[in-house]
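Chains A and B supply the protein sequences, listed in that same order.
Counting along the first sequence from 1, when you hit position 105 you're at 195 in the working numbering, and nothing is skipped either side.
Counting along the second sequence from 1, when you hit position 222 you're at 312 in the working numbering, and nothing is skipped either side.
None of these hints come from the bench; they were simulated from the model.
Take these hints with a grain of salt, some might be off.
A pair counts as met if it fits within one copy or between any two copies, since identical chains are not told apart.
Claimed, not checked - Cross-link-like lysine to any residue pairs, in silico, SDA-like; alpha carbons within 25 Å at most:
id, residue 1, residue 2
1, K394, T230
2, K146, N269
3, K494, D457
4, K146, G243
5, K421, R497
6, K394, S227
7, K105, V202
8, K101, F351
9, K421, S227
There are 2 protein chains.
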Amino acid sequence: MEKIQDFSKIKFRIKDQVYEGIVMPRTLYEDEDHITVKLSNGYNIGIEKSKIEILKIEPQKAQSEVIQEKEFESHGPKILIIGTGGTISSKIDYRTGAVKPAFTASQIVDMVPEIKSIASINVKTIMNELSENMQPSNWTLMAKEVHDAFESGYEGIVIAHGTDTMHYSASALSFAIENPKGPVVFVGSQRSSDRPSSDAATNLLGAVTFAAKSYSPGVYVAMHASLDDDIIAIHKGVKVRKNHTSRRDAFKSINARPFAFVDIKKQEIRFTENKQEVKGSMRLYEKFSERAALLKFYPGISDKYLLSIFNKDLFDAIIIEGTGLGHVSRKAFPYLKDYIRNEGFIGMTSQCIWGSVRLTVYETGRDLLSIGVTPLEDMLSEVALVKSMWALGNGFNLKEIMPKNLRGEISERREVQ
Amino acid sequence: MEKIQDFSKIKFRIKDQVYEGIVMPRTLYEDEDHITVKLSNGYNIGIEKSKIEILKIEPQKAQSEVIQEKEFESHGPKILIIGTGGTISSKIDYRTGAVKPAFTASQIVDMVPEIKSIASINVKTIMNELSENMQPSNWTLMAKEVHDAFESGYEGIVIAHGTDTMHYSASALSFAIENPKGPVVFVGSQRSSDRPSSDAATNLLGAVTFAAKSYSPGVYVAMHASLDDDIIAIHKGVKVRKNHTSRRDAFKSINARPFAFVDIKKQEIRFTENKQEVKGSMRLYEKFSERAALLKFYPGISDKYLLSIFNKDLFDAIIIEGTGLGHVSRKAFPYLKDYIRNEGFIGMTSQCIWGSVRLTVYETGRDLLSIGVTPLEDMLSEVALVKSMWALGNGFNLKEIMPKNLRGEISERREVQ
Chain A
91 MEKIQDFSKI KFRIKDQVYE GIVMPRTLYE DEDHITVKLS NGYNIGIEKS
141 KIEILKIEPQ KAQSEVIQEK EFESHGPKIL IIGTGGTISS KIDYRTGAVK
191 PAFTASQIVD MVPEIKSIAS INVKTIMNEL SENMQPSNWT LMAKEVHDAF
241 ESGYEGIVIA HGTDTMHYSA SALSFAIENP KGPVVFVGSQ RSSDRPSSDA
291 ATNLLGAVTF AAKSYSPGVY VAMHASLDDD IIAIHKGVKV RKNHTSRRDA
341 FKSINARPFA FVDIKKQEIR FTENKQEVKG SMRLYEKFSE RAALLKFYPG
391 ISDKYLLSIF NKDLFDAIII EGTGLGHVSR KAFPYLKDYI RNEGFIGMTS
441 QCIWGSVRLT VYETGRDLLS IGVTPLEDML SEVALVKSMW ALGNGFNLKE
491 IMPKNLRGEI SERREVQ
Chain B
91 MEKIQDFSKI KFRIKDQVYE GIVMPRTLYE DEDHITVKLS NGYNIGIEKS
141 KIEILKIEPQ KAQSEVIQEK EFESHGPKIL IIGTGGTISS KIDYRTGAVK
191 PAFTASQIVD MVPEIKSIAS INVKTIMNEL SENMQPSNWT LMAKEVHDAF
241 ESGYEGIVIA HGTDTMHYSA SALSFAIENP KGPVVFVGSQ RSSDRPSSDA
291 ATNLLGAVTF AAKSYSPGVY VAMHASLDDD IIAIHKGVKV RKNHTSRRDA
341 FKSINARPFA FVDIKKQEIR FTENKQEVKG SMRLYEKFSE RAALLKFYPG
391 ISDKYLLSIF NKDLFDAIII EGTGLGHVSR KAFPYLKDYI RNEGFIGMTS
441 QCIWGSVRLT VYETGRDLLS IGVTPLEDML SEVALVKSMW ALGNGFNLKE
491 IMPKNLRGEI SERREVQ
């Protein structure tokens, strides 16, 4: 069967149904017998070529080949989309059924041409990694790219990223870039861009809308607010967590409401609190140390585990995900004591996820305070880990900086229940 | 000021308000200038003696001294309440403000005399630990007590327990007791029993009602369903998690609805699914091994951490809390490979909490499958850890038993989204 050119407009029939859409680019991994068509309703459909009757094909300029890493439209705020990989940049390999990174940022934009009416879009692919493979060195690279992009005049940045560790990366950039000049919006998808019902296009629309129109400096995550395809939630990068393995609305703000909601159809932004104001000039602290560790505490944790981790030769900081209000069992006390005596830092968070640690309520907490453990209020354990890696990397005093609210990672006012 | 006898009926005035209630026992830690009164609406109030005008005192038999570890009423199903400590058994130390274990199970029952109209209550205090100090040896002790109690004719068991690790203990007993003869209901409170707005009484009422009236063998957790004091949720012991550090409705069923709800005022039980039937005779598998470990994975985890943990000399089983659908970064693969080659078991769960691991969707997952990692579906990481400790302790083959649904820890049908 003949090759259909990428981005062609196509009209075809399957059984009794007639469809119109745009042919998506085929990847290295994709079977030649299938094509993927982005339908006019925004959904993608993967179909066997032999099962369709083609009614009309109208080839378009294959934009992705022309634009390479750059393309400007002439109107609207200057927005840079940075591609890093992840599901939003992935396709299904029809031979194995697995999903693999395949698209550049340019190709993603080609699939969602609507965003070009919102802003002057430029694209740049800086890596192509599934987010489970992201390392602190990748955060450093992203932070530099974002910093340089603002310096060179961009008004907002969108980072297409895998969802597995998107909240860790959003935290990392929150700390790495002090006073960013505009919004930095992480966006991903829970279904690959070539799949029917992919959330890639809608999430990207929400992210670009917020980057271009909110005038809210800060680092955010844009994903479905619910299963409704029209409303995209904008979470603060330091208050968000992936709370579901597969749902489109997997990301939830914890101990906070989402910072804003974008209605992508109406192109409206609804803020739930006052916008953050820029308080000083932008500054980059891009280093992260791997001498910080996260430990989820549990009953029956062995002495040997404790001895391995509370080891100043390996780590300068340990973030504990304690139980309840921030506890560990009595049997762990000697290890914590020794570690702190050796000038290690221990920060306490809670594996409950919601709520705040409080070490003044129970005997156990008071003992932990007297040992020198630092309670981290309602900071998420993932955020506390990233912050400690960042604080160590950039030479800050952890005992001072960790309990301080730098980027909104600690809720100033919490609801009383 | 004179000593007011515990459990006296008291009528007193503060300012212009008149109150009636029962004087709660003072603990070792409590200031002599204060008393705690359980009001007739179920709430406790802590008051300075000097600020009240006592209108009437009617001393009652101090039941807790008489009953010691046993007391039977003559009507209703035979229920044993086992005390293990925790906030439900704790009081505020007015000198330091901290909460400490103080009550026996008998004293808890004295504070909630209503439960004696529901069932024939017997009480036994087997330990007095805040739950962060619970160890697998405590699970073994609890399991034996429960097993023996059913053997000696009890129809239901209620275990008063601290909330920090109540879900770990509930999992442990779920596995340890195959085919329990009746309901085993864990119950705790988020506010100590002597505090105003303590949830201890209402939770205990819900737990006893379910233990006495549900005829549903299995292990459960009974806590507030919402902030409404009348409705107590009954969660399956293997599907529940403490999701908030302080709210009364902190416990949530994950990937499942609560098994039932108890309306404590109407004394009604509403089931959300069919009751579990006893399929065979009761059997006790009470051992737990500490040669299993839980590892929450994160970006930037150091090689030395991985090398310390994936060590067959220390552990026979590692439960990974992976990212997203159950992933770890590529850099960890060699450590996992070596560990499995040395006959270690690796089970995969997700730190997303909700949803299910699926290792067939992405390249990373397929690689993990080929290395020999066992995906554990929608099993909670805490449950998977306890199950692996139990499976090792009792000599089961982990590769076979871990992915099997033994006690409802894996959802048979999941909602598609």
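Evaluation of the provided hints:
Taking the closest pair of Cα atoms, K394 and T230 come within 25 Å of each other only across two copies (22 Å); inside a single copy the shortest separation is 34 Å, beyond that limit. Proximity of K146 to N269 under the C-alpha cut-off of 25 Å is found in neither arrangement, the shortest distances being 51 Å within a copy and 65 Å between copies. Taking the shortest alpha-carbon separations for K494 and D457, only the intra-copy value of 22 Å comes in at or below 25 Å, while the best inter-copy value is 41 Å. For the identical chains of this complex, K146 and G243 are neighbours neither inside a copy (42 Å) nor across copies (78 Å), given an alpha-carbon limit of 25 Å.
In this homomeric assembly, K421 and R497 never come within 25 Å of each other (Cα to Cα): the closest approach is 35 Å inside a single copy and 30 Å across copies. Proximity of K394 to S227 under the C-alpha cut-off of 25 Å is restricted to the inter-copy arrangement: shortest distance 17 Å between copies versus 30 Å within a copy. Taking the shortest alpha-carbon separations for K105 and V202, neither the intra-copy value of 27 Å nor the inter-copy value of 69 Å comes in at or below 25 Å. When the C-alpha separation of K101 and F351 is checked against a cutoff of 25 Å, the pair qualifies neither within a copy, at 34 Å, nor between copies, at 54 Å.
Taking the shortest Cα distances, K421 and S227 sit within 25 Å of each other only across copies (13 Å), while inside one copy they are farther apart (36 Å).
Figure legend: structure checked against the earlier numbered hints; hints not met, in rising order: 2, 4, 5, 7, 8.
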